[in-house]
Amino acid sequence: MTSAGPGKTSYREALRAALREALLADDRVFLMGEDVGRYGGCFAVSLGLLEEFGPERIRDTPLSESAFVGAGIGAALGGMRPIVEIMTVNFSLLALDQIMNNAATLLHMSGGQFAVPLVIRMTTGAGRQVAAQHSHSLEGWYAHIPGLRIVAPATLEDARGMLWTALEDPDPVLIFEHGSLYNMAGVLPPDAGAVDIDSAAIRRPGTDVSLITYGGTLGTALDAAEELAGGGIEAEVVDLRTLRPLDDETIMASVRRTHRVVIVDEGWRSGSLAAEVSARIMEQAFYDLDAPVERVCSAEVPMPYPRHLEEAALPRVPAIVAAARRAVG
Amino acid sequence: MTPEQAYQMITDILREIAPDADPGTIGGDADIRDALELDSLDFLNFVEELSQRSGRRIDEDDYPQLATLASGAKFLAGP
Amino acid sequence: MSPRRKTPAATETAAAPSPEAAHHAGLLRQMLLIRRFEERCVELYSAGEIHGFVHLYIGEEAVAVGVNQALTPDDAIVSTYREHGHALVRGIPVTAVMAEMYGKTTGCSGGRGGSMHLFDAKTRFYGGNAIVGGGLPLAVGVALADKMRGRSRVTACFFGDGAVAEGEFHECLNLTALWQLPVLFCCENNLYAMGTALARAQAQTDLAVRAASYGMPAWAVDGMDVLAVEQAARHAADAVRGGGGPHFLELRTYRFRAHSMYDPDRYRDKTEIEEWKRHDPIDALAARMREAGELTGDALAAIDADLAAELAVAIDKARGDPLEPVTDLTRFVYSPRRP
Amino acid sequence: MPVLGADMDEGTLVEWLVKPGDQIHKGDVIAVVDTAKSAIEVESFHTGTVAELITPVGETVPVGTVLATITEAGEEAGEPGAVKPGGPAAVGPPAAEGGRPAVAVAGELAAPAAGEAAAVEAPAPARARPGRRPAPQVTGLPAHSTPLVRHEAEQLGVDLATVRGSGRGGTITRADVEHAAASRRRRVTPLARRLADELGVDPGAVTGTGPDGAVRAADVRRAVAAGAPAAGRATARQPGDAGRPPAAAGAQAGQAAQAAQPGRSRRAESMRQAIARLMARSKREIPHYYVSNTEDMSAALAWLRGRNRSVEVSRRLVPAALLLRATALAARQVPELNGYWTEDHFVPGTAVHLGVAISLRGGGLITPAIHHADGLDPGELMAKLRDLVNRARAGRLRSSELTDATITVTNLGDQGVESVTGVIYPPQVALVGFGKIAERPWAVGGLLGVRPVVVTTLAADHRATDGYTGGRFLTVVADLLQRPEEL
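Chains as they are written, first to last, in our numbering: chain G, 1 to 329; chain S, 330 to 408; chain E, 409 to 747; chain A, 748 to 1234.
It should be emphasised that the hints constitute simulated quantities derived from the structure, not laboratory data. What you are looking at is a predicted structure, and each value in this text was computed from that prediction instead of being measured. Just so you know, even glycine gets a beta-carbon here, dropped at the ideal spot from N, CA and C. Warning: the hint list may mix true and false statements.
Stated by the list, open to error - Simulated pairs of lysine to aspartate or glutamate, EDC-like, Cα-Cα distance not exceeding 20 Å:
| id | chain 1 | residue 1 | chain 2 | residue 2 |
| --- | --- | --- | --- | --- |
| 1 | A | K1183 | S | E389 |
| 2 | G | K8 | G | E157 |
| 3 | A | K1183 | S | E366 |
| 4 | A | K1183 | S | D368 |
| 5 | G | K8 | G | E21 |
| 6 | A | K1183 | S | E345 |
What the hints assert, rightly or not - A few chain A residues that don't get close to chain G, going by computed Cβ distances all over 10 Å:
| id | residue |
| --- | --- |
| 7 | K766 |
| 8 | T794 |
| 9 | T956 |
What the hints assert, rightly or not - Using C-beta positions, here's what the derived DEER-type ranges look like:
| id | chain 1 | residue 1 | chain 2 | residue 2 | range |
| --- | --- | --- | --- | --- | --- |
| 10 | E | P744 | G | D26 | 16 to 24 Å |
| 11 | A | G1122 | G | R257 | 31 to 39 Å |
| 12 | G | R257 | A | E757 | 35 to 43 Å |
| 13 | G | G271 | A | R934 | 21 to 29 Å |
| 14 | G | R257 | A | G1110 | 55 to 63 Å |
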């Protein structure tokens, strides 16, 4: 089993600890998905759990995204607290029918009779040279759907703490884990536990520009903020954490402090989450803006394989710094 | 300068300074500043204009003599 | 007589009926309830009182009624958008189903769903589902929960021949068989996926054969014969309940009316429809009962009159029931209570 | 006709201060126009020669109407129409239309006669790429324009498809194009706009440092700190400038000199309402606190008398000059009271711009500022005060004077009141009041004497300062008044 080193915990280990805690605490909880058991999870998140909890609760599924995601919905209706793992967000499209047409609609359509307390975890994002069918950031699509709650843990604390809160939620929660984060390691307090899945967080306070981001680009934004600080620009970094419903209050409070905004979103720009955040800022904080809202998003191409093209397609520090400088002027 | 000419000069100047008030309607013994609502700057303008047109030196100590139309006319017409 | 009674004991003319006769009378009444309910729906739809997509079950009543005989109140049903029959025989009150057609708060889905989305938690009726094949994964999950909790329950999953072409059908049959989940798959094969004849869409038109290939008992049943359906369903449901894993029934049936209201029905030969109407499940059961002396005189007319009265009451009530206030529009997008 | 306020849609030309042939420079005052609120001087934003005065005195015209044409320096008088659009021919056609006065705008002279209609082109096809049809116009009316106007539009980079014509039959006039160009050029960020509003700065008069000259919040703050007049003069108002300083709304006022003018009562009414809004806002938003003192003025008055004795009337000082001088110096010494409360914090003024409340004959109040008052000796202050009062009453104030006071003085003593406890002008944080100078019994060295005294009061914003600071301020004023020779 991989370990992050003495005293340190990796994002992967934090997720595993959260799964383990949930499986121990509530016998209605079970994990299912492709290769979550014998293989240990495509990204080794569930490594060792089969041995500890057995095949009933760590269920390997056939490659049938629609069936096992739908089965998760059905099991939730039947009183269980399923955690469904989908290998990558690209594969989740095979289950989109179940997520959209059933998970998101049943409660409303049944007049409040059938809630779906389901958690779906999936990997998202690029940066590992896995090309155009394993690299996209489609969480913005899911954030479009009323009835779902969409969260994106970008820190060890959130990787450790969001799952339990999501399981306690009576409605479907989709957790998007950025593939580049699994090996991120740091010191996690021994008492780390459940965290809220309602609010955005200020990861770095600043006064001159707000870098609003989430998930895999939080670290990029923090790096950009560091570089900007060297040039005398104090950037505030906002981690959205919950992509639906958005925490407008925290976003607007930051805009009111800094008056300039750069939204960093690994999704494609057109019709993106970045577009939604930007629109809300126009609606709610227009008279606090001292520069046009800037967006740094992925290039509008299917993710290419070679490193240099992938790098060129992704939101990276120089583009964020340049956008922030434009905004600050 | 006759008292009549002096009177005329004073009312002319006051009309310019306070165009919305008619100095012809106030009594000869009424306090000009109160009746026409002149502030200290208006009064200074009045004195300045008066001094210029009459060619007379008017000191601050003379101001009390300019308090009413009657006393003013008498002051200007005087030696 | 109470119009709410589900199973009439007997008619006035049949003195001391046998248990079998009483049972048959019950089946007849249930099929007639579906038939008359939907006939009134046609009328109300034409009058502009109810709206949306309304898919009629007329001709297929034997399937819902027969399968329901095999289910207990603990069992679950996952259905399709042609689900008035399933809902009514499951015991959702006629008034609640009719109110749902009217979109009223007293409807079984609070008026939110309409014809295609009847839900009822009390009877474990997990909804009409308007995505072809979309209900199958739900049924798998509901059954998975029962199995994991050690509950001896059956989940009856209705779907049409059209769903067999969907990937979800194959994913779900495989997964259910793999995990030996207690699902009773009820394929209502009415030969048409909307306008596409089975033979024009499927290489293998023997659907039971396809199900069997996933490793579960599967066979075809005459879906126009309510007694045959009941018998097959009892057999299969008992096996499922007994831990025998999923079972599959292909119920060969036919809808007498178009796919939905005002479908021009250009894809079917009129003579084909007439031929199937000669096998009307209600007529068939009534004839059998007459032959056995279980149905005499004007008993049928009496049931009809009774049902007409019951439906009239339900329609009157639905008309007067309240609409949901617009201020409730976003209610239940998320659960009202979160921890 | 420049836009001199967001709610202004027309103005009346009161006076031409130039005539054709006059050389004028950018920033020169060339005309006086009357708005619903006040008579305002129109500054030229071009250097050149006045070619023609188009709008006659007394005429009321919509904003955006060309008032006069100016031939810019270096231009040949005989150059094509573009620079001399208002030639004599311009007056002809409108006059022919039943005597409609020459509010006609440049460009309209060339509006096509019926016979020339065929020459009219659909707007702006020139911008479309060859072989690609322009998107269909959303506005149903095809806007007509003349070649002259199209030329101008091209020069200014204005897309005619976006311009609404104000000429006959929807014809796009040159003024429309200029208006469009001006409104487009004006880039002010939302925050800067709001801030300017709060600080009473005309954003149109602020030099923008953002992309394409966009005015940003920092520019507004800089302009305030620099004492906006410079900025105010640097860029004259242009047609289409929608900025309106709200503090000026409270201050912009009518004038007595034109008492007989129609519209005066309307203006008095709107000024009343502007004052009402501003004062209500002040009392609503500002937690006032008050402190007061009574000062012995004998030393100050004695000094004043001695000084006035030796100078001609025009150079004499009134006591108010000393009071203002003392206030200006105190404001410099207690900077916490000199500046603005904005965005939940205090922004100190970098200079002392002393607002002076001036009551207008016929009602109303105006509070223009004496810029850099702390740098003026009493004589200069007196001269500024007289100039300001005279111009205020003549309706000849400039917008910058109305918008950037950092602290205000009200001196109701002249009206004979004993003391005045004032209402602060937002976003300022202090208002100093002086009552009348009156003889009162006064204890000096254990003996009772009669002395001229004045009651000084301070109303201050409790968000910005506490009573201690206010007390300190009045103490400084008192000390200064006891040493008039040092003023």
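Hint check:
no.: 1; hint: A/K1183 <-> S/E389; verdict: holds (18 Å)
no.: 2; hint: G/K8 <-> G/E157; verdict: holds (13 Å)
no.: 3; hint: A/K1183 <-> S/E366; verdict: holds (14 Å)
no.: 4; hint: A/K1183 <-> S/D368; verdict: holds (11 Å)
no.: 5; hint: G/K8 <-> G/E21; verdict: holds (18 Å)
no.: 6; hint: A/K1183 <-> S/E345; verdict: violated (26 Å)
no.: 7; hint: K766; verdict: holds (44 Å)
no.: 8; hint: T794; verdict: holds (30 Å)
no.: 9; hint: T956; verdict: violated (7 Å)
no.: 10; hint: E/P744 <-> G/D26: 16 to 24 Å; verdict: holds (22 Å)
no.: 11; hint: A/G1122 <-> G/R257: 31 to 39 Å; verdict: holds (36 Å)
no.: 12; hint: G/R257 <-> A/E757: 35 to 43 Å; verdict: holds (42 Å)
no.: 13; hint: G/G271 <-> A/R934: 21 to 29 Å; verdict: holds (27 Å)
no.: 14; hint: G/R257 <-> A/G1110: 55 to 63 Å; verdict: violated (44 Å)
When the structure is compared with the earlier hints, violations turn up for hints 6, 9, 14 and for no others.
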